[in-house]
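Engineer: Here the protein sequences line up with chains A and B, keeping their order. Each residue of the first sequence is one higher than the one before, starting from 1 at the first, in full-length UniProt numbering. Each residue of the second sequence is one higher than the one before, starting from 1 at the first, in full-length UniProt numbering.
What the hints contain is simulated information worked out from the structure, not anything from laboratory work. Because the structure is a prediction, the values reported are computed rather than measured. Accuracy of the hints is not assured; some may be wrong.
[Said to hold, decoys possible] Cβ-to-Cβ under 7 Å is the rule here; a few derived chain A residues that face chain B:
| # | residue |
| --- | --- |
| 1 | 1 |
| 2 | 2 |
| 3 | 5 |
| 4 | 133 |
| 5 | 134 |
| 6 | 172 |
| 7 | 174 |
| 8 | 178 |
| 9 | 179 |
[To be verified] Cβ-Cβ distance ranges computed for the label pairs, FRET-style:
| # | chain 1 | residue 1 | chain 2 | residue 2 | range |
| --- | --- | --- | --- | --- | --- |
| 10 | A | 232 | B | 223 | 29 to 39 Å |
| 11 | B | 147 | A | 224 | 21 to 31 Å |
| 12 | B | 346 | A | 68 | 47 to 57 Å |
| 13 | A | 43 | B | 28 | 30 to 40 Å |
| 14 | B | 223 | A | 44 | 52 to 62 Å |
[Unchecked claim] Computed, partial: chain A to chain B, Cβ under 8 Å:
| # | residue |
| --- | --- |
| 15 | 3 |
| 16 | 32 |
| 17 | 55 |
| 18 | 76 |
| 19 | 79 |
| 20 | 82 |
| 21 | 85 |
| 22 | 122 |
By construction, the Cβ of each residue, glycine as well, lies at the ideal position given by its N, Cα and C atoms.
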Amino acid sequence: MKDAFGLPQSLLVLGGTSEIALATARRLIARRTRTVWLAGRPSPALERAARDLGALGADVRTVAFDALDAESHETALGKVFAEGDIDVVLLAFGVLGDQAHDEREPLAAARVAQTNYTGAVSSGLVAARALQAQGHGSLVVLSSVAGERARRANFIYGSSKAGLDAFAQGLGDALHGTGVHVMVVRPGFVRTRMTAGLPEAPLATTPEAVATAIEAGLRRRAETVWVPGVLRVVMSALRHVPRGVFRRLPV
Amino acid sequence: MPAETVSVTGWGRTAPTTARLIRPGTYEEAVAAVRDCGARGGIPRGLGRAYGDAAQNAGGAVLDMTGLDRVHAIDAAEGVVLCDAGVSLHRLMEVLLPLGWFVPVTPGTRYVTVGGAIGADIHGKNHHASGAFARHVPSFELLTADGTVRTVRQGTPLFDATAGGMGLTGVILTARVRLLPVESSLMAVDTERAADLDDLLARLTGGDHRHRYSVAWIDLLARGAATGRAVLTRGDHAPLDALPARARKAPLAFRPARLPTAPSFVPGGLLTRTTVGLFNELWYRRAPRTRAGELQRIPAFFHPLDGVPHWNRVYGRGGFVQYQFVVPHGQEEALRRIVRRVSERRCPSFLAVLKRFGEADPGWLSFPRPGWTLALDVPAALPGLAAFLDELDEEVAGAGGRVYLAKDSRLRPDLLTAMYARVDDFRELRAQLDPRGVFVSDLARRLSL
């Protein structure tokens with residue numbers, strides 16, 4: 001169960017090798033979390049992540065999960081929830097793609113969309129139903145500022161995150177009053193493997209900062225969390241910049 | 001039987017979960033509710049004054065017992081009442097005071113049920129003299145997980161598991177409660193100020209045995225030499241001959257006044273260090289340096305907050321956490337350290353209460369033990385509060401103390417065994433009595449009770 005401060009005792013990460021998710025797990029283990037499920041494609045990286053978290057004192061288990069294989073989501077998540085309540089589900093999988101390449105290869109672009117959006121729709125709904133049955137829990141969805149307004153530089157990724165973000169908001173409204181809380185997290189540029197080698201955007205942040213913001217958001221039962229917080233203001237301004245001007249902005 | 005799916009929290013309004021709320025109106029309906037509560041079990045609930053998650057059951061059933069609220073029989077000669085578990089102490093006072101009887105133990109609110117009073121084995125300002133509530137209960141009827149109703153008598157393992165057992169052994173249907181004879185409904189109250197914590201502890205140690213009721217309000221925002229300054233109030237039921245002529249005409253009248261309900265929406269951040277500090281200053285200065293024999297009505301002495309229905313809303317949407325612990329006699333140093341840390345941290349806590357407990361109670365998970373107990377309220381949104389209270393827990397456990405489960409909403413589960421030595425006996429009895437885990441609550445899940 002979550003305590004009065006929203007700190008969970010059990011955590012399920014969808015996308016078990018995500019650096020943001022692992023930073024969040026480390027932070028929550030330092031508080032109350034004792035059970036962690038890492039869901040992801042079986043790999044040495046997933047096992048290593050489990051070992052590292054286990055060394056912090058949590059009971060960590062892995063479960064095979066593939067965002068692209070929607071038909072398997074029911075079984076994979078069902079296995080986790082059958083073992084006991086999950087206080088927080090962190091939906092953290094996602095791929096950035098390679099914009100220039102993906103524009104030339106529509107199949108590669110579709111894969112980005114399938115992972116980031118379709119995979120989240122299916123697994124998000126499965127998780128939401130399980131949380132609803134247990135009458136409590138949070139579904140934390142890692143969205144991105146990129147979804148707030150699509151930019152020329154990465155609109156394939158951005159549009160997939162826009163879809164995910166809209167889905168998560170709607171799901172949050174649908175679950176309002178069921179005891180299940182949906183929190184959309186919109187980080188800016190996060191320094192991770194995924195963004196390594198990319199030119200850093202202004203207001204860049206770290207996985208640890210996102211983890212801190214997630215913990216604070218759980219305490220407040222927030223519906224939207226921006227990391228860093230100032231992005232809320234920046235993005236609400238950027239949203240209203242006319243297309244012609246936005247196109248030329250160096251963002 | 002009506003059932004609706006609702007969001008449920010404790011009095012602190014933190015950690016909401018959803019459950020089917022069932023309101024049995026007869027014992028048969030209560031039996032049916034327990035039988036049909038489903039895979040995620042059920043938990044009885046009274047008036048919802050437990051601060052944390054003791055009367056919540058996410059995804060399962062919550063049995064609102066306030067529909068079973070009959071007073072069956074009053075033995076006015078012996079001073080014993082037989083009533084349903086859903087009867088509130090408020091109702092009992094209304095019924096019993098005119099007959100010259102008072103409830104044996106009352107906490108800071110009258111709006112708790114008899115079932116809840118046993119389930120949390122509540123204590124009052126008279127613990128040093130009278131012990132906790134269940135000590136005054138010769139027997140009760142308990143509806144257990146198998147659907148049978150058993151008469152449970154004092155001194156048996158099932159009684160001691162249920163007293164303080166947070167509703168996890170079954171649903172109490174009726175109880176016998178031994179009452180206290182009183183000559184009037186007024187209290188004769190002595191008030192004095194204590195300049196600091198040492199002064200306060202000395203006064204409590206020296207004078208508690210002379211009064212049935214004793215409690216200190218302590219200013220946790222005072223620092224330096226004033227750390228732990230307090231207003232100490234002690235009282236007894238006023239005898240008839242202490243009453244002025246006018247009051248003697250109706251010495252047993254009980255007419256509590258109520259102020260308007262707190263609004264349902266209160267902006268967060270009202271209770272800051274500044275506002276609470278100001279309140280504390282006024283409250284301390286308002287109290288006389290010393291005054292003896294002042295006559296007060298029962299609500300003013302015992303239940304000042306009951307005058308404002310839903311006062312818990314004052315903390316805003318974020319809710320609040322109440323922290324109550326006890327440390328044994330001889331551990332005054334630990335108490336001093338905790339008071340100093342709370343003062344230095346400037347937790348905006350008003351109405352923090354310090355009291356001296358008497359003999360331990362037999363309930364396996366009963367909270368009181370001989371020593372010092374401090375209770376404080378803090379807004380849950382206070383930054384760093386989770387980690388700070390964890391540190392206080394370590395201090396409390398290290399001193400051989402414990403925190404109160406009826407108020408808990410955040411204890412680290414592995415500290416429970418250190419605090420409650422008989423928790424394993426409790427788990428074993430529950431495993432035998434309720435192998436399918438029919439009775440379960442969010443508290444039970446969180447702490448693996």
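Engineer: State for each hint whether it applies.
Structural biologist: Tested hints:
1. 1: 4 Å, holds
2. 2: 6 Å, holds
3. 5: At 4 Å from the nearest chain B Cβ, residue 5/A passes the 7 Å test, so the hint holds.
4. 133: 6 Å, holds
5. 134: Given a least distance of 4 Å, the restraint on residue 134/A holds.
6. 172: 15 Å, violated
7. 174: Not OK, violated: residue 174/A not within 7 Å of chain B, min 14 Å.
8. 178: 6 Å, holds
9. 179: 3 Å, holds
10. 232/A with 223/B: 29 to 39 Å: 37 Å, holds
11. 147/B with 224/A: 21 to 31 Å: 47 Å, violated
12. 346/B with 68/A: 47 to 57 Å: For residue 68/A against residue 346/B, whose Cβ atoms are near 52 Å apart, the range 47 to 57 Å holds.
13. 43/A with 28/B: 30 to 40 Å: Cβ of residue 43/A to Cβ of residue 28/B: about 58 Å, so the range 30 to 40 Å is violated.
14. 223/B with 44/A: 52 to 62 Å: At 55 Å between Cβs, range holds.
15. 3: For residue 3/A, the interface hint holds, since the closest Cβ of chain B sits about 4 Å away, which is under 8 Å.
16. 32: Since the shortest Cβ distance to chain B is 7 Å, the answer is holds.
17. 55: The hint is violated - residue 55/A has no Cβ within 8 Å of chain B, the shortest such distance being about 18 Å.
18. 76: At 21 Å from the nearest chain B Cβ, residue 76/A fails the 8 Å test, so the hint is violated.
19. 79: 18 Å, violated
20. 82: Check failed: Cβ of residue 82/A comes no nearer than 12 Å to chain B, outside 8 Å.
21. 85: 7 Å, holds
22. 122: Cβ of residue 122/A sits 23 Å from chain B, so the hint is violated.
Checked against the numbered hints above, the structure violates hints 6, 7, 11, 13, 17, 18, 19, 20 and 22; every other hint is satisfied.
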